[in-house]
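Protein sequence lines correspond, in order, to chains A and B. Just so we're aligned: the first sequence equals residues 0 to 84 in numbering that gives the first Met the number 0. Just so we're aligned: the second sequence equals residues 0 to 547 in numbering that gives the first Met the number 0.
Rather than coming from a laboratory, the hints here were simulated on the basis of the structure. Where is the CB? At the ideal position from N, CA and C, for every residue including glycine. Hints are supplied without guarantee of correctness; some may be wrong.
[Claimed, not checked] What the simulated footprint calls covered on chain A by chain B, stretch by stretch (three residues with Cβ under 8 angstroms from a Cβ of chain B suffice, anywhere in the stretch; the number is not a length):
#, segment
1, 14 to 20
2, 52 to 61
3, 64 to 70
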Amino acid sequence: MTYNQLSIRARFRPEIMERILRVIRHRGFRVCVMNMVQPAESEHVDLDLTVAGLRPVDGLSAQLSKVLDVVRIDVRPAAARRVAT
Amino acid sequence: MNGAQWVVRALRAQGVDTVFGYPGGAIMPVYDALYDGGVDHVLCRHEQGAAMAAIGYARATGKVGVCIATSGPGAANLVTGLADALTDSVPVVAITGQVGSALIGTDAFQEIDVLGLSLSCTKHSFLADSLKSLPRILAEAFAIAREGRPGPVLIDIPKDVQQACGALSPYLLPAVDAPDFPAQDIALARTMLKNARKPVLYAGGGVGMARGVPALRAFLDETGMPSVVTLKGLGSVDPEDPAYLGMLGMHGAKAANLAVQECDLLLAVGARFDDRATGRLDRFAANAAVIHVDIDPAELGKLRRANVSLRGDLSRLLPALQQPLRIDGWRRQAMRMKEEHAWRYDAAGPAIDGPFFLKTLSERKPAGAVVTTDVGQHQMWAAQHMHFSRPEDFITSSGLGTMGFGLPAAVGAQMARPEATVICVSGDGSFMMNVQELGTVKRHRLPLKIVLMDNQRLGMVRQWQSLFFQGRHSETILDDNPDFLTLAKAFGIPGRRIDRASQIGEGLAAMLAAQGPYLLQVAIDPEANVWPLVPPGAGNETMLESLS
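Isolated chain B (complex conformation) (with noise of 0.2 angstroms):
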């Protein structure tokens, strides 16, 4: 058995069954190894693209997921998707081909130093220096990007390695102990919570990502908090709880909002304050007392000092904190602001309303629908207006931002639960980022519905250069986008344009029944903005409605 075999047999071991990459030079011996190995491959049609389809893969999972790239371009092309995952905390091995081990240094041909570039967008990164450390380096990065705060990890492995023959044994590591059950502290958060008269509990994409749904609603089932989560948090809590307010931040529920400025107690359960939730940091929940729940200890106090600080799994966490609380005046307050403030849908004429058509959107999508988005306008609007049940069937790029990300994490989450309706929401700006990947949606036949929101504009930029830069449209006018239905026709993909409000039904349904692809090209208003905006160096009570 050579070294690319032996990585395929790891892969197996460790529960992999699909991958994304793309082959090249230095990676020849891996693909030699797939070919009859046992494991599934995605050709994607861009590196980024594979990074992004295993992003996509594991979020609607929770499993690894793998992206195989050659060295050199192959490897650098990985590089936005694996800081998408690191910044989100997505459990991704990328596995890289290098040159021989003796043209490293020599500026060979597409040679580039992979493990420094890792440094920064990997949570670690390996550079296989020998055949014998492939078992303990493969076995030690599946663990290291599930075990506590998860994230990707690279390995990085020289031709030669992979080619060299040998005989090698599973790797077996040593079982980590959970972080101490904080006995003391846990005891006085429980008091503070039984003294609080305003509590908001605040959560984040650590509750998915730690699979803590279930302790979270039962937390908030029987304490009957008011509950506002982050851009990732969506999904965590029961969209049909009636304290539930939605996402906070700045393009937050008003009410979300309101609420936390306002509260006593902000119990914060795996978020880590980030400067999209909390606006001005020193005016975020100024009056509350912070109790910080979360696995990454780096993250307790790095923001907002907290009065206590948990750190461990929060469903073992969580319920240890779990009461009854004297809070019905409060829970009623929040529940006549969410009413007071509630998304209105009466945008007057015929042209579509984005807000509107992702709402009607959400209720007609199947159950078990997986949505994917870009990053911009729709992404916001599909944020604030579309409701989900589990953190998984939500997957966007939260706090790296990365256009281009929808498209691939969309065939990534379609290959990891093939009976799912799986949605990618656009925007004409990110969709043209990671286009090519329609040729993968065609490879492998995949059933992706294709929502373009199409405004002919960057959208968010254009917005803020409206709001914030006297109306100087700097680089963000798309009027010379191509014809999108051609484009998407040519992969063999059908669609329609809609651009009338009175056509979103018939849109929706010929998407929804298609068998196969579809785009729907949804042309909406190219002045058309994301409201509330929480404007830059505000607190989250300075909320725009409108550009009077």
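The following block holds chain A by itself, in its conformation from the complex (with noise of 0.2 angstroms):
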């Protein structure tokens, strides 16, 4: 199991979390940490995650940058001890 935390900026729209949340479980990752926030004034949304799962974080963001409404991704490797404090 390897552990990622990926930034991502999206335009707001209501649904927004479900596609990122439902792309994120199909693709065989589960969601360990997360935090989104809406900035006063903006159309952006920002979602910090901590993502757990087995196959490669590439794929991942592969498929989550084809969500029409995702601006950027950042993807760093996170260390699964902090994950599990």
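Mind docking these for me? Both chains are given alone in their own frames, and the hints should help you get the complex.
So this is what it looks like as structure tokens:
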């Protein structure tokens, strides 16, 4: 199992969280930590997630990039220990 | 002008002349606008049929197919068709009515969360929350359906938005930049091609969707590379090309599989390394370097690491890779394999052999004919034994494997290409799944030719039960099928049944000579199997060719 931190900026749509979480689940990852913020007056939302999975995270990142409202994704390895605490 | 009238106007502006659908309460304003709106509406007899007819229309023409349904059950019935379009990358726009905005979320009559339903079966989807959003949403929906890797887009429109009146202006979308031309990677790929001794080109459905057939054929002409195709890639390579080896994969031609397993360079073009094509992935072309060309970046490296990945329009990329190759020995070897493992049509006895029947149909179908299929043994036999000169002439559910696809897809193809002979090759299991579309054939007097390969079985599942489940034929025996000729007759469709090989010629002649629709019921051996078959978990070099 590898843990990765995803920072995603997306256009705000009421269903954007569902779209992103559905892709994460379907492509074989689970969400360990999640935070979503919509800055005031902004048309964007920023999500920070830590996800765990057995598959290469590049594949997940590529699939999330296809969600049309996703503007940007950054992927960084996350330490498993830190997630557990 | 109200929202519904704007929708119909926007369809016309997008060049849509025909839509497929089924009316209901929440979509009534759109149907009112369609009444004299200048767009032909084809009433299908089930929303699933409408979605699949839209797919058939899109695949037969390259244009966007449009289907329309009401809220709740109407929209839910579209889902299988949308999933099929997503898996096979077909540009479709689905328009659904929704209950009034104030009723959304109250469990109103015929209310379901259609946007939620759409998330896993569309490329994108919209819930129109206002009249003024409609121009943008319609424009974006058609652009998204067409651009890049095509796919289905759903627009859910509450009834009050359809009924709202106001002045609207067309929405202009900004131009989309093409992907950068990967000059460095092209140079690397050219060197790999030049140095390869045993290269094979593996073409998928992306070639046809990208209108890349001329570029692909020019590339093959100059390089002389042996080629194989996926199920959805059939028609992209000239079937007369002597180094074309046919379909690869689970039911692929033996020469195609053996050549891929032996190659030292695999050039994948618009293909996605689907499990039915690759067999056991770690044994697929195990000694080959890979160049992967695709428009969808998520496909590059998804299942098989590529030495060079080229993202973009293959009509630009393939000419840049094109060069004469010194592979005469390998080309000759591939052609020898093709000859050595050519299909044989020497089944003994008076019964009809499915492969021989379909080969004969292939030889006798008129030029420019469109063939649709359902899913199962007849589909694989059609892929193996029929020849197609263009991808848009063979319309089959490839990725999703959707039984019930053939008849409604043929309806869509016939509406799109009224001058063409459209032949639906079906099986008795699949045919019953959307048999209600015979009503659409009757209503629109479509001259469809239906070939019903009848083995009174769910043949492919029966075959797997025989091979891998100790012959325990659980729920696959259909000896209680209806009388298909009487059923067709009830819809005004004539037909006949043949059950002996000696009747094949006269049966095909009668069907192809019919001015209107015709059903040819072809009785075949219930125990017939599709060979070869790569068993689950095996590499493609392991092909079963008989029960023993």
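Hints versus structure:
1. 14 to 20: That given contact holds, which follows from 3 residues of the segment 14 to 20 of chain A lying within Cβ reach (below 8 angstroms) of chain B.
2. 52 to 61: holds (count 3)
3. 64 to 70: holds (count 3)
When held up to the earlier numbered hints, the structure conflicts with none and fits them all.
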